[in-house]
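Enquirer: Whole structure, please, built from the sequences with the hints as guidance.
Chains as they are written, first to last, in the numbering used here: chain A, 1 to 345; chain B, 1 to 345; chain C, 1 to 345; chain D, 1 to 345.
One or more hints might be untrue.
[As the list claims (entries may be wrong)] Here are the simulated distance ranges between beta carbons:
id : chain 1 : residue 1 : chain 2 : residue 2 : range
1  : B       : A68       : C       : P78       : 36 to 42 angstroms
2  : A       : E35       : C       : A68       : 51 to 57 angstroms
3  : C       : K88       : B       : G190      : 56 to 62 angstroms
4  : C       : P78       : A       : G190      : 21 to 27 angstroms
5  : C       : H207      : B       : L189      : 52 to 58 angstroms
6  : B       : E44       : A       : Y333      : 57 to 63 angstroms
7  : B       : T30       : C       : D225      : 52 to 58 angstroms
8  : D       : P78       : B       : V110      : 45 to 51 angstroms
9  : C       : L187      : A       : D84       : 27 to 33 angstroms
10 : B       : D168      : C       : L187      : 40 to 46 angstroms
11 : A       : G190      : B       : D51       : 34 to 40 angstroms
12 : C       : D107      : B       : T38       : 53 to 59 angstroms
13 : D       : N252      : C       : G190      : 32 to 38 angstroms
14 : D       : P78       : B       : G190      : 34 to 40 angstroms
What the hints contain is simulated information worked out from the structure, not anything from laboratory work. All C-beta atoms in this analysis are idealised placements derived from N, C-alpha and C, irrespective of residue type, glycine included.
There are 4 protein chains.
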Amino acid sequence: MVKVSIIGATGYAGAQLLSILVRHPQAQITHITSESHTGKKISELYPHLRDVCDMTLESLADIEQIGADSDFVFIALPHGHAMDVGKKLDALPVRIIDLGADYRFNDTTVYEAWYHVAHIHPNAHRVYGLAEIYREDIRTAKIIGNAGCFTTASILALAPLVKHHLVDPNSIIVDAASGVSGAGRGLKLGNHFPELYDNFKAYNVAHHRHTPEIEQALADLSGEDIIINFTPHLVPMSRGILATCYATLNENVPVEMIDAAFSKTYAGEKFIRLLGRDAYPETKFVRGSNFCDIAWHIDERTRRVIILSAIDNLIKGAAGQAVQNFNIAAGFYESVGLDVVPMYP
Amino acid sequence: MVKVSIIGATGYAGAQLLSILVRHPQAQITHITSESHTGKKISELYPHLRDVCDMTLESLADIEQIGADSDFVFIALPHGHAMDVGKKLDALPVRIIDLGADYRFNDTTVYEAWYHVAHIHPNAHRVYGLAEIYREDIRTAKIIGNAGCFTTASILALAPLVKHHLVDPNSIIVDAASGVSGAGRGLKLGNHFPELYDNFKAYNVAHHRHTPEIEQALADLSGEDIIINFTPHLVPMSRGILATCYATLNENVPVEMIDAAFSKTYAGEKFIRLLGRDAYPETKFVRGSNFCDIAWHIDERTRRVIILSAIDNLIKGAAGQAVQNFNIAAGFYESVGLDVVPMYP
Amino acid sequence: MVKVSIIGATGYAGAQLLSILVRHPQAQITHITSESHTGKKISELYPHLRDVCDMTLESLADIEQIGADSDFVFIALPHGHAMDVGKKLDALPVRIIDLGADYRFNDTTVYEAWYHVAHIHPNAHRVYGLAEIYREDIRTAKIIGNAGCFTTASILALAPLVKHHLVDPNSIIVDAASGVSGAGRGLKLGNHFPELYDNFKAYNVAHHRHTPEIEQALADLSGEDIIINFTPHLVPMSRGILATCYATLNENVPVEMIDAAFSKTYAGEKFIRLLGRDAYPETKFVRGSNFCDIAWHIDERTRRVIILSAIDNLIKGAAGQAVQNFNIAAGFYESVGLDVVPMYP
Amino acid sequence: MVKVSIIGATGYAGAQLLSILVRHPQAQITHITSESHTGKKISELYPHLRDVCDMTLESLADIEQIGADSDFVFIALPHGHAMDVGKKLDALPVRIIDLGADYRFNDTTVYEAWYHVAHIHPNAHRVYGLAEIYREDIRTAKIIGNAGCFTTASILALAPLVKHHLVDPNSIIVDAASGVSGAGRGLKLGNHFPELYDNFKAYNVAHHRHTPEIEQALADLSGEDIIINFTPHLVPMSRGILATCYATLNENVPVEMIDAAFSKTYAGEKFIRLLGRDAYPETKFVRGSNFCDIAWHIDERTRRVIILSAIDNLIKGAAGQAVQNFNIAAGFYESVGLDVVPMYP
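Expert: Listed below in C-alpha cells is the structure:
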C-alpha cells in the first residue's frame, strides 16, 4: 500500500479525490487537511461520505510531518498556496500531485502574469500532469502540476491536429461550457441556485487563466508559439465540460488525415474514447468517469474543423486525472481505482 | 381591434404567441388551428391557459375562410407547410406573419438547398422579419418571414460590426446555446428529461439551417457574401439563447469605433439593451421578455472581438418578434403587448 | 395614480413586487429602499430590470418622509423589522402591506413563541392578507399582514373542507414542496447550485413557522382550534409551491359535498382555478401568475381526501398577493396589474 | 465466476444493472436481451457504455437456452412479462431475480387487482426481494421479486416502528417524491424536458401500484392488516427518491423507544445509514450508491412521528437491490460490486 495524504480535502476537487482514493486498492490515506474545518470529520461536511470515510480533518500546520508520513501528497488548495507546501516538502522523499495551477507552467513568469502572484518555487522539478501527453515525465517527476479542467478537454481535443501541423495555429478558438461544480464550493451570488437555474452565461471572456495553460501545451506539441481565444460558459448543471474547438485546416489536408491523427495519437489510451468524425460527445456520457470523449466535424464551406470533447470536470478534469497521474508515478496500472462506469442517466 | 388568427397554435411558439396576443389590447383572436387536435380547447393541451384562453382549435382546411375573417394570419407550422397557406391567401387582403423558415430567404434556391424541399411560392411579396434591420419593409410587406431564434441573437450581435466593416467577414464564428423549448414539443429521446438533465451537447455542427439565414442578413448589411461557422448547443434549461460570436478586427480599428457602432446601430431601439463593453448578458435577464441584451469584449492578444447576445428563444426568438413585426405592420406602437418585465429569478 | 413605496426592494419578493408595480397602471412608485445597497440602482442588482426600472435605492432611515410621500407602503423586510416601520407610520394616513410575518397573527404571543422575538406593535389595526378569505377586512385595514407562501397554498386547499366541517380537524397533514427562490437571495451552502441540483430534501420538520399561520386561518374558518402537521421540502427548481394536504373525511360525507364545498367557496374568485376532482395541478401551470390551482382526490380505502394546490411562491405566495390586497384596499379591480398569462414552458 | 443474464437490458433499470454487473468481480454476463433492439450493441443505445460493455443484444425468444447458459437470470421487463419468463425457466436450475412487480406479492389476487392482468405463475417459489427484511428467504428462493423503488424507501422507513408496534397502523401516510428516471426511458409528454423543468407535481394519487406492496410488507412485520395512503410526486431531477412518512405514535411511547427501534432493526446493515433523530437525508447524499439514509422527527404537538428516507431509485430502488439480492442468493458478501461512493455534488 502506498501512503497518501490530501491537503485541502473539503473543496469539491478534494472531496472527489478522497472519494476515489478511499476505494483505491493500493492507496492508504494517512492525512486529510482543512484549515477552516480542522477537527471535524469530513463526513460532517459531506454527509454522502458517512460510513465511507469518517476521517478527521487536520491542519496542514505540520506539513513536514504529513510529508514524512506519506509517499504521495495531493494538494487541492487555491492557487498560490501549493507552492508553499511544495517548497517545504522539497527535501523529503515524498512526491507531490498538485490539483491547482502553481506547478502547471514551464515558465513561471507566465504564471505570474496571469495569476498576479509571485512564484516562490520556480526551480521545482515538476511536470505538467496531463498523462496522455506527458506520461513519461510523470513517471519520475517530484511534483506533478495536474492539468486544469477546461484545459484537459481543450488540449486533448486539439493535440492531434496541432502535433501533426494540420491546422493554422493562429486560427484556434476554444468555446467551452462547464457545470457549476467547476466554480467550487465557495458561496457566490452568481452560483446561488435561483440565479443560475434556467440561465446560461459566459464569463471571463479573453481573460480566463486556463488560456495560457492550453497555449503552453499546444506550443509544446507544435514546436511554435500559439495564441488562442478561450471563452468559458456556465451551464445550469452540476458536472461536465464540453469544449467546442475551432481551427482552420491547412491547405490540402484530406479528411482522412484528420481521422488518422486522432487514431494515432490516442491509440491504446484507456481514457480517451474517440467517437469518430461527425459524432457528438455529451457530458452525461462521461459523468462520474475518467473518460474524455472526442469527436470532430469538418465544415467544407469554411474549411474549419470543429472538435468536440467532453469530460467530467471533477474526474478527468481534476481528481481522476490526479489519480491517473498517481498511478503512473507509483508504477501501478493506469486505471486502478478509475475503472468506474459513467453514471447515466 | 385588428383581427388575427394563428395557424398551428399547439407548438411552443404558437402557444407563446397566443399567450401574448390574448393580452394584446389591439388584437382580437378569431381562429386558432391544429390538425392533430381539432375540436379540443387549447387549454386542454396547455392547462396554464385555463380561464385565460379556452378557445377551440379548428382545422386549417378552410384556410380561405380563416383568411377572410382575419386582418393578419400568423403561421406557426413546421417548415414546408406555410408556403402552401401563403399561396392560398395570396389573393386575399389578409397579411401573413410566418414564424417558420418558408419566407425567410431572398433566394429560394438557398432555402431549397438547406431544407430539401421545393419552394412553391418563390415570387411572394415578402420581407425578412427582423425589425431592427428591416423595419421599413415590414410596414408594407404582404408576408413577413419572421426571423429564427438563433439567427435573431446572432444577427443582432454581429450587425453593427459587419455593417460598418469593422471585422473580417471570413473570420466569423457563432457558437450558440439554446434551452430545450427551442426543439419544440415533439417527443424525442434526446429531449426526454432524464437524458438531458445534467447534460450538455452540441448538435447539427456545420449543418444547422440557421446558418444561411445569418449569412443572408450579414451579406445584406455588408454588401458582400459572407460564409460563417455556426454551432448550436443544447442547454439543460427551458428557455433562452446565448450567442457567443467571434470575429477578427480589421486593422487599425480602435475600440471606441466598436462601441460607437453598437450605439449608433441600436439608438432608440426599444428591445435592444446594450450592456456595453466587457459586460455579460445572461439568458435569465431577458427570460419572458422581448429584449435582446448585447455586450462585447476585445481580446487584444488575438485581435478578435467576442460579442455576446441573449434572448428568450420563444419571445424575441419567435412569438415576441412576430408580435413586434405585427405591431409595425399594423401601425401600432412597436411595444404594444410586449412591455413585459423579464421573469427573474 | 396611487403613490406606493417598497421598503426592502432587493430580496426576491421585493424585486418581484417592483416588477409588478412598475407595470401597474394605477400605481406610481415613489421610493424603494435597501440598507445594504443604498445609493445603487435596483437594475445594478437585478440586471433584468435595466431600462424597465432604474430607480435608486434609498435608506429607510427617514421612513416618516417615505410614509408622507406614499399612499401605500409595502414592506419586504426579514421578520422583526416590519413592526418597527409599522409603528413609526402609525400616525400617518399611509396604509401598509407587509410581506413578512410581523402582522400575520391575531395573537402576538403565537408570533413570539414561533419567531422568538418580542412583538412591539401588538395593538396594530391589522388583518391577515389572504384576499379569498379576509377580503372585507382588507378593504379598510391600516395594516395588511400578507399571507405567507406555503400558507397561501395550504389554506386555500383546505379552507372549503374545514369551513364546511367535512373533515376531522385533528387529521390534517400538509406536505409541501417549494422552489428555491422561497429561501431568498441570501447565500447559504444548502442553496449553492451544485449542492441542490439533482437533490431533494425536507427541512424544518415539525418546526416551520408557517405552521401556526395555517392553523390560525383554519381555526378562524372552523370555529375551533386546529393543530396540524406541516412538512416543507425543497425542490431543485426556481419557483413554485405544491401543497399536498391530507385529511380524514367525516363520516357520511358524500363525494359530491366535497366538490360542492370547493365550488361554493371559490365561486367568482378570479385567481382560484378549480381543476376539479381527480385532477393534477402542476407548479408550472401557474408560474409567473397570481393563480392558485386546486384539485382533490378521495381515497376510498382510507377515507382520506387529498387536496393538491399549486401557486407561484413569489406571486400568489408573496408579491402578487400583496398587489391583490393593494387593489382591494385601494378600491381597484382586484386583478389590475395581475392579469399575467403563466409562463409555459 | 457466476454466469448471469439480463432479460430487458435497455430500460434505465436494466442498463443500470448492466453497469453494476459489468464491474462485479464474481459475475460474468452471458446474455443481454432486447426485443426492440435485437442485434444492436448496448453501447449504441447507451453511449456511456462504449468501451465498458459493447455486448450485443439478443432476443429472449430462446429463453430456455439463455436459462441453460446462466446461473442467474435478471429480468427487467414491464410487469406482466416476467411471469412468462419465470414459468419457462421453472424446470431449469437457473435462479431468477425479477426487477418488476410480477413476483412481489404473496397473494397474486392483490397483484391482479392492482395490475389488471391475470397471474399465470401463482405457485412460484418466490420471495419478496428486500434484503433487510427477507434476507434468509432470499438465500434459497428460486425467484426473487425485487422490491420496488418507492416501496423500498417507504418500507425501510416504517419497518422499525411497525414491527415494534410503536405507531397506529391506520394512521400511516407516505408522501414521496422521485426523480424522473423512475418513469423509465419511454417517451411521454409529461417527461419531455421543457414540460418538467422548473415544475413539480403529484401523480397517481390514491392509485399508485406501490401502495399494496408497502402494505404487504408492513402487514408481514406487524402481524395485522395495514391500509395506508401513498402519494408519489415527480421532481425535476434525474435520480433519487425521498419518502416522507407520517404515523401517529401510540400512547406512552417514549422518544428513546423510537430511536432504539431503528438502531436495533438495522444493526449491522451495510446499506442502511441511520442519520438519527432530527436529521435530514438528501437524495444527493445517496446518489449512485446502494445506501438508504434514514432519519426521524417527533412532532410533540400532534404526537406524530415523521420518518424521512432517501435512496437512489435506480440503485437501492432497483438494480443495486437486485445485485444485493444476487449476492445473498449466490453466497457472496452482500456488498460485492456495490461498495460505490455516492456521487456528490
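Enquirer: Confirm or reject each hint.
Expert: Structure-based check of each hint:
{"no.": "1", "hint": "B:A68 x C:P78: 36 to 42 angstroms", "result": "60 angstroms, violated"}
{"no.": "2", "hint": "A:E35 x C:A68: 51 to 57 angstroms", "result": "53 angstroms, holds"}
{"no.": "3", "hint": "C:K88 x B:G190: 56 to 62 angstroms", "result": "58 angstroms, holds"}
{"no.": "4", "hint": "C:P78 x A:G190: 21 to 27 angstroms", "result": "23 angstroms, holds"}
{"no.": "5", "hint": "C:H207 x B:L189: 52 to 58 angstroms", "result": "44 angstroms, violated"}
{"no.": "6", "hint": "B:E44 x A:Y333: 57 to 63 angstroms", "result": "60 angstroms, holds"}
{"no.": "7", "hint": "B:T30 x C:D225: 52 to 58 angstroms", "result": "56 angstroms, holds"}
{"no.": "8", "hint": "D:P78 x B:V110: 45 to 51 angstroms", "result": "48 angstroms, holds"}
{"no.": "9", "hint": "C:L187 x A:D84: 27 to 33 angstroms", "result": "29 angstroms, holds"}
{"no.": "10", "hint": "B:D168 x C:L187: 40 to 46 angstroms", "result": "44 angstroms, holds"}
{"no.": "11", "hint": "A:G190 x B:D51: 34 to 40 angstroms", "result": "38 angstroms, holds"}
{"no.": "12", "hint": "C:D107 x B:T38: 53 to 59 angstroms", "result": "58 angstroms, holds"}
{"no.": "13", "hint": "D:N252 x C:G190: 32 to 38 angstroms", "result": "36 angstroms, holds"}
{"no.": "14", "hint": "D:P78 x B:G190: 34 to 40 angstroms", "result": "23 angstroms, violated"}
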